[in-house]
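Q: Chains as they are written, first to last, in the working numbering: chain A, 18 to 469; chain B, 18 to 469; chain C, 18 to 469; chain D, 5 to 190; chain E, 5 to 190; chain F, 5 to 190.
Calculated from the structure, these hints are not laboratory results.
Check the hints yourself; a few may be wrong.
Between beta-carbon pairs, the in silico distance windows are [claimed, not checked]:
| hint | chain 1 | residue 1 | chain 2 | residue 2 | range |
| --- | --- | --- | --- | --- | --- |
| 1 | B | 80 | C | 423 | 26 to 32 Å |
| 2 | C | 35 | B | 183 | 47 to 53 Å |
| 3 | C | 359 | F | 52 | 35 to 41 Å |
With a straight-line Cα cutoff of 30 Å, these simulated DSSO-like cross-link-like pairs (lysine-lysine) come out [unchecked claim]:
| hint | chain 1 | residue 1 | chain 2 | residue 2 |
| --- | --- | --- | --- | --- |
| 4 | C | 149 | A | 405 |
| 5 | A | 359 | A | 405 |
| 6 | A | 125 | E | 76 |
| 7 | B | 165 | C | 405 |
So the derived list for chain D, only partly shown, Cβ under 7 Å to chain A, looks like this [claimed, not checked]:
| hint | residue |
| --- | --- |
| 8 | 107 |
| 9 | 111 |
| 10 | 145 |
Each residue gets a CB set at the ideal place from its N, CA and C atoms; glycine is no exception.
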Amino acid sequence: MADIADADAAWDRQSIRSLFDPATGLLDRRIYEDEDIYQRELERIFARGWNFMCHESQISNPGDYFINYIGEDQVIVVRDTNGQVNVLLNTCRHRGNALCRAEQGNTKSFVCSYHGWNYGLNGDLIGVPGIKNYYRDDFDKKQWGLAKAAQVDSYLGFYFATLDADAPSLHDFLGDTGRTGLGMVASQGDIVVLEGIQKNVIDCNWKIAVDNLFDWYHVMYSHASAGSSGFLNLSEILHPNNQLVMLGDYGHAISGPGIPKEMQDQIDLMSDEERAELSKTLPIRLRPRMAKELMGSTGVRSMGHPNIFPNLWVTIGGMQICLRLPRGPHATELWWFTVVPKDMPPEGRQQVLRTAVHLFGPAGLLEQDDGENWSQSTRASRGVASRKLGHTLQMGLGHDHVSTDPNGQTGIDTCINEHGQRWFYRSWTEWLAAESWADLSATRSMPPKEIV
Amino acid sequence: MADIADADAAWDRQSIRSLFDPATGLLDRRIYEDEDIYQRELERIFARGWNFMCHESQISNPGDYFINYIGEDQVIVVRDTNGQVNVLLNTCRHRGNALCRAEQGNTKSFVCSYHGWNYGLNGDLIGVPGIKNYYRDDFDKKQWGLAKAAQVDSYLGFYFATLDADAPSLHDFLGDTGRTGLGMVASQGDIVVLEGIQKNVIDCNWKIAVDNLFDWYHVMYSHASAGSSGFLNLSEILHPNNQLVMLGDYGHAISGPGIPKEMQDQIDLMSDEERAELSKTLPIRLRPRMAKELMGSTGVRSMGHPNIFPNLWVTIGGMQICLRLPRGPHATELWWFTVVPKDMPPEGRQQVLRTAVHLFGPAGLLEQDDGENWSQSTRASRGVASRKLGHTLQMGLGHDHVSTDPNGQTGIDTCINEHGQRWFYRSWTEWLAAESWADLSATRSMPPKEIV
Amino acid sequence: MADIADADAAWDRQSIRSLFDPATGLLDRRIYEDEDIYQRELERIFARGWNFMCHESQISNPGDYFINYIGEDQVIVVRDTNGQVNVLLNTCRHRGNALCRAEQGNTKSFVCSYHGWNYGLNGDLIGVPGIKNYYRDDFDKKQWGLAKAAQVDSYLGFYFATLDADAPSLHDFLGDTGRTGLGMVASQGDIVVLEGIQKNVIDCNWKIAVDNLFDWYHVMYSHASAGSSGFLNLSEILHPNNQLVMLGDYGHAISGPGIPKEMQDQIDLMSDEERAELSKTLPIRLRPRMAKELMGSTGVRSMGHPNIFPNLWVTIGGMQICLRLPRGPHATELWWFTVVPKDMPPEGRQQVLRTAVHLFGPAGLLEQDDGENWSQSTRASRGVASRKLGHTLQMGLGHDHVSTDPNGQTGIDTCINEHGQRWFYRSWTEWLAAESWADLSATRSMPPKEIV
Amino acid sequence: MEALKAKDNGLTAAKLNPGERMLIQHEAEHFLYEEAALLDARRYRDWLALIAEDMHYWMPIRRTVTQSDIDKEFTKIGDMSFFDDTREILEMRVKKLEAGSAWSEDPPSRSRHFVTNVRILDVAGDEITAESSFYLYRTRLNTEVDVWTGRRIDGLRRSGESFLLFKRHMFLDQTLIRSTNMSTLF
Amino acid sequence: MEALKAKDNGLTAAKLNPGERMLIQHEAEHFLYEEAALLDARRYRDWLALIAEDMHYWMPIRRTVTQSDIDKEFTKIGDMSFFDDTREILEMRVKKLEAGSAWSEDPPSRSRHFVTNVRILDVAGDEITAESSFYLYRTRLNTEVDVWTGRRIDGLRRSGESFLLFKRHMFLDQTLIRSTNMSTLF
Amino acid sequence: MEALKAKDNGLTAAKLNPGERMLIQHEAEHFLYEEAALLDARRYRDWLALIAEDMHYWMPIRRTVTQSDIDKEFTKIGDMSFFDDTREILEMRVKKLEAGSAWSEDPPSRSRHFVTNVRILDVAGDEITAESSFYLYRTRLNTEVDVWTGRRIDGLRRSGESFLLFKRHMFLDQTLIRSTNMSTLF
Ligand code: FES
Ligand code: FES
Ligand code: FES
Ligand SMILES: [Fe+3]
Ligand SMILES: [Fe+3]
Ligand SMILES: [Fe+3]
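With the rest of the complex left out, here is chain A (with noise of 0.2 Å):
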């Protein structure tokens, strides 16, 4: 009550639209500090989109749950016994104790451990101690089960719940860049999520930590000390001039190395097994060709970092996703999921598990070196004279050129450039200001199709 009218009254549509100008790249510190946007964000990003849950084989069996967040709201995600996948509000319906407080398991149903209220996986409530003697026979149990999100759906194998009816399926609320997004991932295989999700905190508004992921530019910076450990060679992989950008509806958007086009039209017509060989000598491992399907021939060529709008990060050519959950302004929680063809050889998933767990995560070689940047650049959005001074994304603006393929993917071929960081923020000050579902289809910026 108090905290949405306060910011409805502190913030309309104009003052938040103004807070990311994308003639000029120019950002506003407040988005990282303020009390009231992060409410919002809360309500009108978190709640009202499409929010990644788990993929299918952390939960394959029924019964089998895994305990995810809506932003700050904590969700159950469970496979029920007819196979479909619920993702239930984990507060009990009585006096709102959780349900679960482990963060994964396997359950025949959920009991409370508070008064007892027992409820079946796909939330209904089916059982509470008393209800003849105590409540007299008086209680509409089919009023009382678990509040569910509005709609969830998988693709691809990942599920992903929104708590608002209104918002569009699935299927059109990913568009083409989110299901390339994910496709990057499926494009290895069938896959499997590893046993072990690395979970931390750190000090930072979670939109840096977001934008961090289209930033190809910090690369040779920030993480100069990672290549000098001998771990990896970073200009390898980094391609500082062959750089893809694919920006998608709502805010998706993929952005990194991305294989001249002339040398995917070679390897197009290369056979899997020839891919496979000439990987061998490569530093990134080609797709098979049913990747062509899954991404579409732009997205194909992209070697980049998705993200899925708002928080999840696609990285290391889809060996692992991570999440970004956010605690406040100040603090955000990391999740990272690795994940493995179901069929890969022991040597390679060895090979996954050393590049997984020395490269990313708390201890990993590269990220190491980040949270630190993006805390400090948090904790200066708090003093008064700093948190005037915007941020610049202006690389690269007005210089490059959107293409649309045969097939009508678009990409931007260019060289490191802020265009991801700068439809992801113009983006979000669009889901910021809307009112609803409705408003946000009706004010939303369309992906560019020309100059970028």
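Let chain A serve as the given structure and place chains B, C, D, E and F with the ligands on it in line with the hints.
A: Relative to chain A, chains B, C, D, E and F with the ligands alone:
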């Protein structure tokens, strides 16, 4: 200023009243997390109401003091040389330093550690270093005594204080129900509080801790393992179908197992010796004859839990009392006071200690299990979606009759129910909505007399 | 936005002015706990005023830098290759990362650890990786230098900075009283700051720490045990009936023991050698002849504590200076700088260290006792009843005369008093109520010239 | 080895020769570390096997008092306390943990008992009195952290090649317990 | 000295005589304290000299699970983990720290490795398996503090007059890591 | 026993045979634990009796500095510090605590000195240099908590059957002291 101004804007009488609907038992969850509501509670409930300070046995000698709180305002409860008990805000009138930092003690006067101002046990400012030289005798000590509670009074040895001069007398504030609750303690005889107040902090809203004392529904499920431990037999003490509820003016209530009227009639015929003899074979001790005077003919039948509104719980048949002190919307301090009759023989006292130490308190076999439920319920109230899910307090609503005994005392004989919780939250909205004692007196609901 | 908008609504000029009543010495306690007042302090006092940065000896070589704060905004104080001292906001103009994370050091330039932008010692942006390739030469480095303090200046080697271009010159801001205060340090000779700034955090409002420096009333009581320890003789340094107070424009003040005018007249006749000789028999060191130029004929008599408004305390006759940095309404960082004359012989220096280490700082025999009083006073300001109890600053009010010496310098010869505190809080309300420097200049009170 | 008497809270009055003392110290530390490891591994039944029949497991309440009231800092035996357990009560605590319905310990807490500064205060026949400093770290769920520190007086009695614990008196440093509960054994 | 077997997580099954055990305990503690001191002094190269070629430096991920899932509390070898390092990887970590561009460690963190409750679990030939409790305190810049606690299983192999470390398995108490990074060696 | 030299901050350069070293280690630990217990029991006068006339009790100021400035991390002797005390000053600190008017210690704080990772750095005649890690936990009133951690170099000189402490150099891990005061002895 700012806080209460904001609060006024956000929460008017109507919006406060709508936080709990007595007709359906629906409770708005924001009452557990809204900062403005919390500030208002401090002003309109704690500063306005009568707050439990301590038992006379804790400050039996002149100069004995005990530190307590009225909401978050720290107070000194002290017996002066006239034997009068004073309640003084623990903040020096000069520059605000705390006078007492110990939890309890004995002193001749209160000397401030900052500049040495000296206050008498009644709060009078009796010494100001340099009043003649530095103040040039131009300082009126009489105006700068410690701020005193507007009213201090005791009932059956229990001291209470209010900061509001317009509050009714303690006797009237307690009303029949409050007096019955304290009578439950006093009916054990001439009692003293044992050395050692257990104090711990639970990450929950104070009201969740309070309403739990009326909640006999949770016992079988929440505390199942206390039964399994072999320490106590839950069913022997629960009597789910013999519950007695008493709802009192200003929000006091008593709820829990009750001795059926017919059984009490038989007990009434017994001498104290016969009662003592019979008690040996029962899981409870029968009260002596004099209890009826203290508790009334209905009240004497209660083996349940009184709550003196807002936050004083009388438990285990009066053997312990537990104060719940608000510490922001998300934390509560619990203070456990243990009482024994002065003349109790060592074995009896040993038995009281055994029960008090092993049942309640943070390490108690029973109490261990409560805190996490409360804290999880409070925590989920912060989620933007979860906090929109009202709690249901519907159990027994509309199904019970209030009986009035020949002496005019009312009670509800029923099974396990949520009458106490409903009455507590209904009263809470009325206290919170009222602008003054006059307003509260005029607008509060009277305890129901018929259907409930 | 939201914060200052709220603040404007809640606190208008009139309500701010009424927080302290100079006619009665009554001080509203909410100034120690209100979040909106705190935000306003950062904007209207710290960002607007001249803040102490460091002494020239701390950054004597080109590239030497020292990190300090203007309120909560972190700044780099650095000497460039031209010898000029620059004060730069420590936040990269690209994405806001902190440039310096060490407390001090020496550098050729400031390279950001995020993307490697490189700034010169004067704040100019001199290197942007990829400006040609990635930015396509379309980026104006000149516009993206580090934000600089609007004005930087020094007096007697002490560097100050303000973020407000409209601020008067440092000389005018200091006025006679501020200059006298710094003169107290400089009168020891050509001084340097010793290696090692003690820094600690006290849970108190910054103003409580500041006003304490004028408070010679607390010494005998608060610090009694420092006397008992045998380390110092309090009465030898206190001189309760020979106090000298100087109140300066913009809120500066000096208060504490003073050398009576007649005694000073005799000292004035002595040579520096005679003064040094006599000092050996005194608990204090007499100042050299040149001190009179720096401190004026009244100022030179002060053995008390100057405060450069808002937060720079000069202490122990100029041997240490202590900066009090606000960290929210309830916390303050204390930074202790210790100075010695460059040419001081080892024994003298040893003596300074002995005093500085053992008297002040968190482990000091004297200073140990202050923090808890301040923190308790701050804490009680949060109680809804306690915070309504104003502080009294009435000591000596209306009883003293301001004298003006032949050179126009004013002083109050009196006993222990609260003149300094009153002047500090009166000025504080004026700073806080003013909308700009022009407003402050027009509306501020001039130091009293007659009765005080 | 002869009986030695020491004050409960201070320097060992009597002297063992350092070599003798070193061995006893090692044995006591070895036992206390193994005992702590059982608790941290949640092997409560195995832990109970180390507890003597006459165990007194006691944690008085500490109060913030002035210097002049320092003798009232801890409550005494016969006053209220946080723990005042016999072996029978400890077994009930274990049964509770084993019940499958001790919700406050399901998911189970994760504890770490840091036992340091072990000092042999007294050796009397087959009984050793040892003082130590304890730092008990507990974390629950994903964000809950509790820390309890203090002084412990343990009574160890030789039994076969090991010891039985017949006394554990725990003197906390905290007065207000800043924890939801104390469902962990110390 | 003969080979002795013990369960990884519990009471030492086999018995050394206390005097023998005391000496081995002392040697192991001495080594572990010196090793910790090298890390706290940031003498990473000297620390590497104590690491055996076949080192396995492993920290699984701990999860908040129910009692019934307690065997899934830690991830297993072959699952994801926080550290799963060979000596080669550890050397890369050291090279990174030495690179002059490891920004997350410049200014360098300040760490303190508290190693307590050391227990000799196993002695087999020239190899010793020791369990200990660790409390790793790290502070960075002026206000950052991280605390990691847990149980450590170390494998020590005699080498000249000292040991080489060939195994370090670290079982954290925390599930969610409340730290910006883990740029510190455990 | 011969004189041995070791670097102040690192591996013991010279070697004692492990058995010898074990006994010295035990004696040093025994002394340091007793000394810590006296402080935690607030027996300040008894503590003073363990302090040599030539005591140097010193805690420099630590600074957050870059790698390249790492030699400036701690202030040096002759710079400012937090403690730079002779026995005379320590006695003044004790007198202050005994004065009955040391308000910051009335009600008295509750401290716990965890001394771990003790290493004998040097044995020279009747003097032993020992390094240890310290974790000093202090709590005051009902909610105040302070933690100071770091490295300590202690100089112990044999005196009768015990030791006197003639040197205590304390190297904190913290740079900004997040405490109202340091009224506790380390
Ligand atoms: S809160 Fe879940 S059953 Fe009552
Ligand atoms: S604050 Fe109490 S005497 Fe000044
Ligand atoms: S944030 Fe500094 S260079 Fe990008
Ligand atoms: Fe990165
Ligand atoms: Fe309960
Ligand atoms: Fe002082």
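Q: Honestly, which of those hints from before does the structure not fit?
A: Numbers 1, 2, 5, in rising order.
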